[in-house]
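K.L.:
Chains as they are written, first to last, in the numbering used here: chain W, 386 to 792; chain H, 2 to 365; chain B, 50 to 457.
It is worth saying that the hints were derived from the structure and are not from the lab. The beta carbon of each residue, even a glycine, is placed where N, CA and C say it ideally should be. Do not take every clue at face value.
Said to hold, decoys possible - Which stretches of chain B does chain H cover? Using the computed rule of at least three CB atoms under 8 angstroms from a CB of chain H, they are:
1) 295-303
2) 396-402
3) 411-420
4) 430-436
Stated by the list, open to error - Looking from chain W toward chain H, a few residues come up when the C-beta cut is under 10 angstroms (computed):
5) Leu515
6) Gly564
7) Glu624
8) Arg628
Said to hold, decoys possible - DEER-style ranges, computed between Cβ atoms:
9) W:Pro456 / H:Arg232: 41 to 49 angstroms
10) H:Arg13 / W:Asn642: 33 to 41 angstroms
11) H:Pro112 / W:Pro456: 33 to 41 angstroms
12) W:Gln542 / H:Glu88: 29 to 37 angstroms
13) H:Arg231 / W:Leu548: 37 to 45 angstroms
14) W:Pro456 / H:Arg146: 40 to 48 angstroms
15) W:Asp441 / H:Gln353: 50 to 58 angstroms
16) H:Arg85 / B:Asp340: 26 to 34 angstroms
Listed here are the chains, written in short residue letters.
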Amino acid sequence: MYRMLKARRDAMKDDVVGFAQELVRTPSPSFQERGVAAIVEAGMKSAGFDNIFTDDAGNVIGVMYGRENGPNLLLLSHMDSCPHDASAWKRHPFSGEISDGRLWGLSASDCKGGLAAQIFAAALLRRAILPLQGSLIVAATVAEEKWGSIGVRALMQRTLPALGLEPAYAVLGEPTGLGIYYGHDGWMEIDACIRGANPFHVGDAAEAVARRLGSRPWAAEGGKSAEFHVQNLSYAQSEGLRRATIRMARRLSVPENVARVLEQVKSDALEVATSTGAVAVDVAVHEESQMLYTGHTTVARHVLSAWETDPFCPLMERTRHALSAAGLEAKPGKWRLGKAGMGTAGGVLMRDFSVPAIGYGPGDEDVAHGPDEYAETDAIAEATLGTAVIAHALVGVPVYGWTSDEI
Amino acid sequence: MNILAFDPGRVRLDYSLFRDAERKPIITGHVPEPDMTADPADAVADAVGSALNYGEIGLCVVRVVFGGEAFKTCAIADWLVLERLHEMIPQSPLHLPRAIETVRAVMRCRPEIPVVLDFETAFFAGLPERETVYAIDPGLSAALRLRRYGYHGIYHRAACHEAAHKAANREAPASPLRILSICLEPKPEVAAVVGIRPVYVTSGSTPLEGLPGRTSCGDLDPSLPGLLMRRELGPERVDELLTKESGLSALAGRMTDLDEILTVDDPSLNAARDYFLYRLLQACGAGAAAMGGLDGVALSGRYRKAAGQIREWVVSSFAERFLSGKLRYGVTMLEASRDRIMADDAMGTAPQILARIKDAAPVP
Amino acid sequence: MNILVFNCGSSSLKYRLLRLPGEAELAGGEARRIGPRTAEPAHVVHRVNGITTTHYHPMPDHGAAFSNVMQLLERDGLAEIDAIGHRMVHGGGRFADCALVDEAVIAGLEETSVLAPLHNPPAISLVKSCARLRPELPEVVVFDTAFHSGIPEYARNYAIPGWMREEIGVRKYGFHGISHEYVTTEAARFLGIATAKFNAVSCHLGSGGASLCAVVNGLSVDNTMGYSPLQGLIMSTRSGSLDPSVPLRLFHHLGCNGTGVEDLLNKKSGVLGLSGSSSDIRDALAAAVGDGPESERARAVADAYAWRIRKHLGAYLAVVGRADAVIFTDTVGEEVPPIRYAVCAGMEDFGLAIDRGRNEKISALPADVATDESRIRILVVKTDEEMSIARTVHRFLTRQALAVCQDG
Numbered sequence: 386m387y388r389m390l391k392a393r394r395d396a397m398k399d400d401v402v403g404f405a406q407e408l409v410r411t412p413s414p415s416f417q418e419r420g421v422a423a424i425v426e427a428g429m430k431s432a433g434f435d436n437i438f439t440d441d442a443g444n445v446i447g448v449m450y451g452r453e454n455g456p457n458l459l460l461l462s463h464m465d466s467c468p469h470d471a472s473a474w475k476r477h478p479f480s481g482e483i484s485d486g487r488l489w490g491l492s493a494s495d496c497k498g499g500l501a502a503q504i505f506a507a508a509l510l511r512r513a514i515l516p517l518q519g520s521l522i523v524a525a526t527v528a529e530e531k532w533g534s535i536g537v538r539a540l541m542q543r544t545l546p547a548l549g550l551e552p553a554y555a556v557l558g559e560p561t562g563l564g565i566y567y568g569h570d571g572w573m574e575i576d577a578c579i580r581g582a583n584p585f586h587v588g589d590a591a592e593a594v595a596r597r598l599g600s601r602p603w604a605a606e607g608g609k610s611a612e613f614h615v616q617n618l619s620y621a622q623s624e625g626l627r628r629a630t631i632r633m634a635r636r637l638s639v640p641e642n643v644a645r646v647l648e649q650v651k652s653d654a655l656e657v658a659t660s661t662g663a664v665a666v667d668v669a670v671h672e673e674s675q676m677l678y679t680g681h682t683t684v685a686r687h688v689l690s691a692w693e694t695d696p697f698c699p700l701m702e703r704t705r706h707a708l709s710a711a712g713l714e715a716k717p718g719k720w721r722l723g724k725a726g727m728g729t730a731g732g733v734l735m736r737d738f739s740v741p742a743i744g745y746g747p748g749d750e751d752v753a754h755g756p757d758e759y760a761e762t763d764a765i766a767e768a769t770l771g772t773a774v775i776a777h778a779l780v781g782v783p784v785y786g787w788t789s790d791e792i
Numbered sequence: 002m003n004i005l006a007f008d009p010g011r012v013r014l015d016y017s018l019f020r021d022a023e024r025k026p027i028i029t030g031h032v033p034e035p036d037m038t039a040d041p042a043d044a045v046a047d048a049v050g051s052a053l054n055y056g057e058i059g060l061c062v063v064r065v066v067f068g069g070e071a072f073k074t075c076a077i078a079d080w081l082v083l084e085r086l087h088e089m090i091p092q093s094p095l096h097l098p099r100a101i102e103t104v105r106a107v108m109r110c111r112p113e114i115p116v117v118l119d120f121e122t123a124f125f126a127g128l129p130e131r132e133t134v135y136a137i138d139p140g141l142s143a144a145l146r147l148r149r150y151g152y153h154g155i156y157h158r159a160a161c162h163e164a165a166h167k168a169a170n171r172e173a174p175a176s177p178l179r180i181l182s183i184c185l186e187p188k189p190e191v192a193a194v195v196g197i198r199p200v201y202v203t204s205g206s207t208p209l210e211g212l213p214g215r216t217s218c219g220d221l222d223p224s225l226p227g228l229l230m231r232r233e234l235g236p237e238r239v240d241e242l243l244t245k246e247s248g249l250s251a252l253a254g255r256m257t258d259l260d261e262i263l264t265v266d267d268p269s270l271n272a273a274r275d276y277f278l279y280r281l282l283q284a285c286g287a288g289a290a291a292m293g294g295l296d297g298v299a300l301s302g303r304y305r306k307a308a309g310q311i312r313e314w315v316v317s318s319f320a321e322r323f324l325s326g327k328l329r330y331g332v333t334m335l336e337a338s339r340d341r342i343m344a345d346d347a348m349g350t351a352p353q354i355l356a357r358i359k360d361a362a363p364v365p
Numbered sequence: 050m051n052i053l054v055f056n057c058g059s060s061s062l063k064y065r066l067l068r069l070p071g072e073a074e075l076a077g078g079e080a081r082r083i084g085p086r087t088a089e090p091a092h093v094v095h096r097v098n099g100i101t102t103t104h105y106h107p108m109p110d111h112g113a114a115f116s117n118v119m120q121l122l123e124r125d126g127l128a129e130i131d132a133i134g135h136r137m138v139h140g141g142g143r144f145a146d147c148a149l150v151d152e153a154v155i156a157g158l159e160e161t162s163v164l165a166p167l168h169n170p171p172a173i174s175l176v177k178s179c180a181r182l183r184p185e186l187p188e189v190v191v192f193d194t195a196f197h198s199g200i201p202e203y204a205r206n207y208a209i210p211g212w213m214r215e216e217i218g219v220r221k222y223g224f225h226g227i228s229h230e231y232v233t234t235e236a237a238r239f240l241g242i243a244t245a246k247f248n249a250v251s252c253h254l255g256s257g258g259a260s261l262c263a264v265v266n267g268l269s270v271d272n273t274m275g276y277s278p279l280q281g282l283i284m285s286t287r288s289g290s291l292d293p294s295v296p297l298r299l300f301h302h303l304g305c306n307g308t309g310v311e312d313l314l315n316k317k318s319g320v321l322g323l324s325g326s327s328s329d330i331r332d333a334l335a336a337a338v339g340d341g342p343e344s345e346r347a348r349a350v351a352d353a354y355a356w357r358i359r360k361h362l363g364a365y366l367a368v369v370g371r372a373d374a375v376i377f378t379d380t381v382g383e384e385v386p387p388i389r390y391a392v393c394a395g396m397e398d399f400g401l402a403i404d405r406g407r408n409e410k411i412s413a414l415p416a417d418v419a420t421d422e423s424r425i426r427i428l429v430v431k432t433d434e435e436m437s438i439a440r441t442v443h444r445f446l447t448r449q450a451l452a453v454c455q456d457g
């Protein structure tokens with residue numbers, strides 16, 4: 386079976402890389418994914434999905450129905466790109482140039498290469514006529530790079546239940562360098578707001594709080610110190626009061642609780658602020674109103690949950706076993722999230738929807754969210770095969786005993 | 002009448018075209034895996050196209066490895082038949098989809114040609130329960146549809162038919178003949194057949210059980226898959242080990258087959274040869290005991306050279322030591338190839354096909 | 050020579066004191082409920098001169114059980130013991146014969162215990178206790194696998210990659226060797242054939258495990274059990290042979306680890322799995338009489354059970370070639386005539402004919418239940434594993450003593 390899949394993967398390589406290239410060439414900043422969504426839909430059509438659907442958030446969902454009601458597998462990748470600074474790029478971010486065995490361009494790694502691989506993995510299973518027991522769902526989501534995973538939330542809260550599909554597992558196409566990733570730390574953005582009648586007091590207090598929060602080592606769970614960045618300090622005036630807002634980003638580890646972190650920040654800020662004069666201090670998670678390309682608006686809280694799937698859970702084990710049976714090396718690991726604002730929807734899936742998730746994608750975390758992003762074309766092809774192999778192990782009809790070439 | 006026979010295998014699609022009862026095909030061909038990547042239906046259409054160069058095709062016949070308990074004889078393809086096959090896919094997940102696709106492709110490109118399905122399991126659909134059952138919870142067997150079958154029924158049926166025919170030419174047997182049918186294919190199989198009813202077969206819920214294949218292990222201690230899994234190998238890897246890296250080739254330490262191990266004098270093949278003959282001896286003994294006696298042996302399958310050696314072995318070794326040399330009707334060797342047998346089987350369904358055409362014809 | 054033979058279970062210890070070569074039993078019994086305290090207190094059921102007595106003693110381990118047994122024997126004036134014989138289920142690839150216990154042998158036993166993690170460890174702990182408490186007594190370990198150590202390579206191998214054989218020791222070991230050896234010897238004696246020229250198929254049909262053994266020239270050339278006791282016949286709770294893909298399907302379906310499937314196939318399958326109610330084939334035979342789905346199911350169980358034996362019997366008759374006898378032994382083999390009949394009926398063409406009357410009415414064992422015309426005799430022989438062990442120990446020590454004399 387694996388040899389047959391490999392042969393078909395080889396025959397399919399140009400198609401999947403070409404498709405990834407087309408995705409890269411189509412700019413898709415968050416909330417403006419309409420163009421790329423159309424390409425995804427067309428790609429799913431030619432891949433042979435049984436049902437293709439665009440929900441009101443703008444997510445594109447392709448379903449290959451299994452013979453039974455489950456277990457179902459969700460392959461999840463986002464369509465939007467992170468913000469980029471074109472001046473830092475040596476290559477054109479939307480050229481989709483293929484050279485040195487790499488597909489260059491914004492989101493090649495994060496995660497259009499992964500999205501292409503997931504769509505073509507489904508096509509690979511279909512063309513190899515490998516029967517499925519549960520359904521295979523490929524979802525290309527919107528607004529992932531802008532906090533809150535609101536695309537994924539809409540998918541999980543409304544779209545999949547309406548389609549009658551409850552996923553038992555999820556695989557994220559985010560960049561893992563073909564490793565099997567089982568989680569990452571989180572980030573949260575905090576607004577500390579200092580108000581007072583006396584503008585000088587407010588100013589002094591804000592400076593002191595920013596200094597204090599930015600300088601002191603922050604204890605996180607497990608005796609480690611948490612990463613903490615003061616991002617900016619802004620002033621406003623309303624109803625006769627001066628208001629200063631300090632925006633901070635803080636890394637979260639898996640066991641940490643958002644409310645407790647807020648309390649800690651508040652008590653620190655209060656201690657410093659009240660020593661300089663009479664002011665009030667409020668601390669809250671930063672929130673923002675977002676408008677999707679479909680016109681829907683929603684409020685996003687800037688919390689990216691830390692998450693971790695048990696590295697020995699059945700999802701991990703089955704994935705590891707299947708990849709190794711196919712002769713694909715897949716190291717388990719976790720995302721490092723080297724740059725602030727990086728993250729995946731795994732936390733939302735795990736914490737809010739109780740769907741165990743892992744990451745498996747062709748991209749490279751180190752080149753994501755930076756200039757001259759690329760993905761190896763071989764890796765895209767291999768991820769196509771690997772994803773098909775994982776999907777077959779999780780929701781395929783088992784083929785034990787039938788795999789010899791003798792009959 | 003020309004008959005086009007398809008064998009949609011796991012790795013390639015073979016086809017041959019026969020004229021009436023001629024032994025040799027007019028053409029044979031195969032479509033290898035890489036060429037089937039684009040659209041397997043095209044491969045089938047190409048085969049049909051090249052066959053049409055030799056005149057109209059009267060019948061198509063497709064080899065179907067698995068037909069479950071539902072198909073006890075050949076079937077003429079229609080949507081209902083395909084629907085029933087589709088339901089059985091989990092029981093033969095790699096072969097059935099290919100067969101269904103081949104049948105569909107023929108029906109699409111030449112709807113006027115009747116397509117006959119020739120099932121390998123049909124011959125074994127009526128095996129007695131004592132021979133099909135595994136000693137596990139019947140609920141579990143039912144849920145996973147685990148029961149034993151044979152997977153070379155097309156050969157076995159033809160070989161037993163020929164053996165019975167030859168015996169009848171000598172004398173009319175008083176009671177049903179008891180025939181051991183040994184099929185020498187990459188996955189060899191032994192069946193014990195009383196009259197036309199098999200009572201014993203070496204294969205199981207999949208073709209993995211039974212005699213060792215070219216690369217598949219055959220009978221094994223059922224604790225071994227678990228033992229391997231506790232060594233950090235997943236079930237997929239264990240399956241690959243047992244189906245693709247075991248068998249006679251594992252014993253020989255290199256790829257080999259029955260023809261080679263039984264006819265080439267090479268010490269490195271001794272282990273494989275001894276093992277095979279020993280397993281065959283046990284299968285023959287078990288099959289004979291299942292029938293309560295033995296009247297003749299029928300050989301079939303692609304390994305012709307091996308068959309010559311096995312014939313010798315049956316007469317001089319097996320029958321001699323086990324039956325004191327008494328093998329009333331000797332050893333029959335079936336000359337026909339499987340595709341030729343399939344063409345015959347297809348022609349055998351002609352009355353049913355005619356009846357259908359009549360039913361379908363508009364009333365004048 | 051007085052030999053004290055131990056047959057060690059996980060929480061029990063059977064013992065018999067036997068005098069050889071006369072083969073008289075001086076005492077015997079069983080220590081029960083060894084180990085942590087249970088609802089029923091630990092006790093020894095002791096038998097001497099046909100009188101059975103029960104003695105309650107705490108026995109936290111097999112060593113304590115051994116001490117209790119020794120005290121009871123001393124009390125009865127039976128302290129004169131020349132050797133101890135132990136039954137060990139698995140000898141692995143290392144012990145092709147019985148072994149006189151010394152440190153190297155104990156180390157070897159411990160290495161082998163991974164192959165039989167349930168059966169070997171208590172026996173090994175007993176061996177060590179005996180060596181500690183009575184270091185002067187020679188201890189001989191007798192293996193259930195040793196009788197099968199001469200199985201030829203082509204029958205011992207599986208057709209699997211070489212590394213499994215070399216790295217994990219995957220091969221057929223075979224079991225029930227102590228019993229097969231005993232009944233083979235008894236059957237040959239009964240028929241007046243020299244054991245070294247005796248060919249047979251021995252059917253050990255126990256209330257738990259069951260296996261067939263092909264015997265050529267008095268030696269085992271094959272056994273239906275394999276790497277583990279799971280392969281082969283349908284047993285009380287073991288499935289016996291399966292398509293190798295079936296365990297994989299079960300792993301997939303049940304989503305459990307290797308141990309879960311192993312438990313299912315070892316403890317909840319076989320006669321119990323098929324019948325859904327009883328692991329005893331006699332219950333199925335009793336329920337098979339009558340109409341209705343219950344008896345139909347029971348009939349199917351009994352049919353499958355006997356059919357599997359019959360197929361393997363046919364296979365082994367072919368392997369043995371000119372068999373002198375088919376031997377039935379152990380609980381089911383000795384006590385359940387319908388199974389013997391179902392297995393042997395209609396085999397006249399192979400020189401095997403069972404006499405229905407003789408089969409039904411056996412007055413004493415060993416018995417011959419074949420018809421007068423049957424070329425192959427069908428014998429029902431009572432097995433005696435402890436006696437078999439004692440014989441092996443006796444033979445071994447006598448030969449050793451002889452060797453010492455000759456050297457001297």
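K.L.:
Give me the numbers of the hints this structure contradicts, sorted from smallest to largest.
P.N.:
3, 4, 6, 7, 8, 9, 10, 14
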